[in-house]
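Working from the sequences, and respecting the hints, build out all of it.
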Amino acid sequence: MAGSHRPLLAVFETAITALALVGLFVVQVQFIGAATGFPALRSVPEASALALPAAQDGPIEAEYCSEAVAAHDPDNPAGRTSTRLELEDAWFDGSSQRYHHGIATGCAVLSAVCNSESHFYGGGNDGVPYAERALGSLGFTHVRTDSYALRSAVLDQMAALVNGSHDVAAYTFASKRIAAGGTTRSEAGAEADTLVFVGIRGSYGAEWLSNFNLPDAESSGADHRGFKTAEQEVEASLERYLAEIGADPARTRIVVTGHSRGGAIANLLAADLIDRASGPDALAPVDRIFAYTFAAPCSTQANDRNGEAYAGIFNVVNPSDLVPQLPLPAWGYGRYGTTVELPGLDDARFASSLALMQQAYQANTGTLSAYDAESLARLDSFDAQAAQSLPTLESLLNPAGLASAVQALLGVDLGLAMTSHYPDTYIAWMQTLDGSALTFVRSG
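In terms of the UniProt record's numbering, the sequence shown opens at residue 1 and continues consecutively.
Don't read these hints as lab results, they were simulated from the structure.
Idealized CB from N, CA, C, for every residue including glycine.
One or more hints might be untrue.
Unchecked claim - Restraint-style ranges between C-beta atoms, simulated for each label pair: (1) Ala377 to Asp248: 48 to 54 Å; (2) Arg349 to Gln232: 37 to 43 Å; (3) Ala373 to Ala71: 21 to 27 Å; (4) Arg240 to Leu414: 40 to 46 Å; (5) Gly366 to Asp57: 27 to 33 Å.
What follows is the structure, given as structure tokens:
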């Protein structure tokens, strides 16, 4: 009987080996293509230069790709839509340690824009360089999106899945010169500062697997391994970018943002930039490092993540979003900085705030965000239920605990869970609230 399984096993092993070889071949061909121009890849410098529009004064209409639109409009598979985007230079004149709702709202939109850049590099039919268009209209130059080039197409993700190269990220850099008081400088002057934008793409394709690359039990107090590996690449690339544009660390302001996995990586990057700020390898002064993340999973077990130095890292979370509840705080995970909670069911003004959010959501996406109190309550309490079933990371190996956690997950409305996590939802909340409607808690 055992012998009858050997041919099937041999076929399976052969198939896995073939997939691995195909993955290696795809990666090699694409890197050769990037160097020789065959097969054709997006030409990043040329694409960016052609795509940069003239800077506009005041708010702009920013295009992005919406999961909500794509799910409801079969004629718009990319989910193309647009929304209002404003990011005034003068807003960056104050200390980054103080929350600024205008910067936060602008970053919410730009995080969705940076996610959408994948459609440009992924071979989609729309051919829209979303990041270049939005950032160029805001007056940014030197827009750099080359990290998307080999990390956006279906073949890229297949190769990453087979080869295990998923602890990476795609990211956007851009810069502009601003004078004291926030006045944009068309020509760099000695008195001008450099404002640098860093936007990190959220979970995409095989990169989603990186969310499960956790430290082992001996690494207590460490950052999330999958997020950290990606963050180190972004940090090294940012350092090179700043050197290329000639940024003076003493006159540099950096704004970092990202949604979901991109938010977790942005959280770690901001913490590292702050750690460097007082040393010889500083990239910017500590009070000029602006960080706003959205729907970020817990990124670290570091004991000092609540330290005063990180208070200016603002992590916006929706209480009904499951993603920021993972990895579970019960396992010792949290985020650097300050948690900024959107209105939840326990908020006395939730009903009126929700109605305004739904209006903005519908204006941006053409669809209505359907929330009901009972389903929201299950989402809000998921982390507490899961923590009872899985009190430690090692309890994942306990079949009974794992089954109980899965049962809790099955009890939530997964469609509503997705809606609660969409960038569209965060954008709509931010556009309809002001800082007084938010709850600020030093991140756990």
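Here is what the structure says about each hint:
1. For Ala377 and Asp248, the Cβ-Cβ distance of about 51 Å falls inside the hinted range of 48 to 54 Å, so the restraint holds.
2. In this structure, Arg349 and Gln232 meet the distance hint of 37 to 43 Å, their C-beta atoms being roughly 42 Å apart.
3. In this structure, Ala373 and Ala71 meet the distance hint of 21 to 27 Å, their C-beta atoms being roughly 23 Å apart.
4. Between Arg240 and Leu414 the C-beta distance comes to about 41 Å, which sits within the given range of 40 to 46 Å.
5. At about 28 Å, the beta-carbon gap between Gly366 and Asp57 stays in the expected band of 27 to 33 Å.
Checked against the numbered hints given earlier, this structure breaks none of them.
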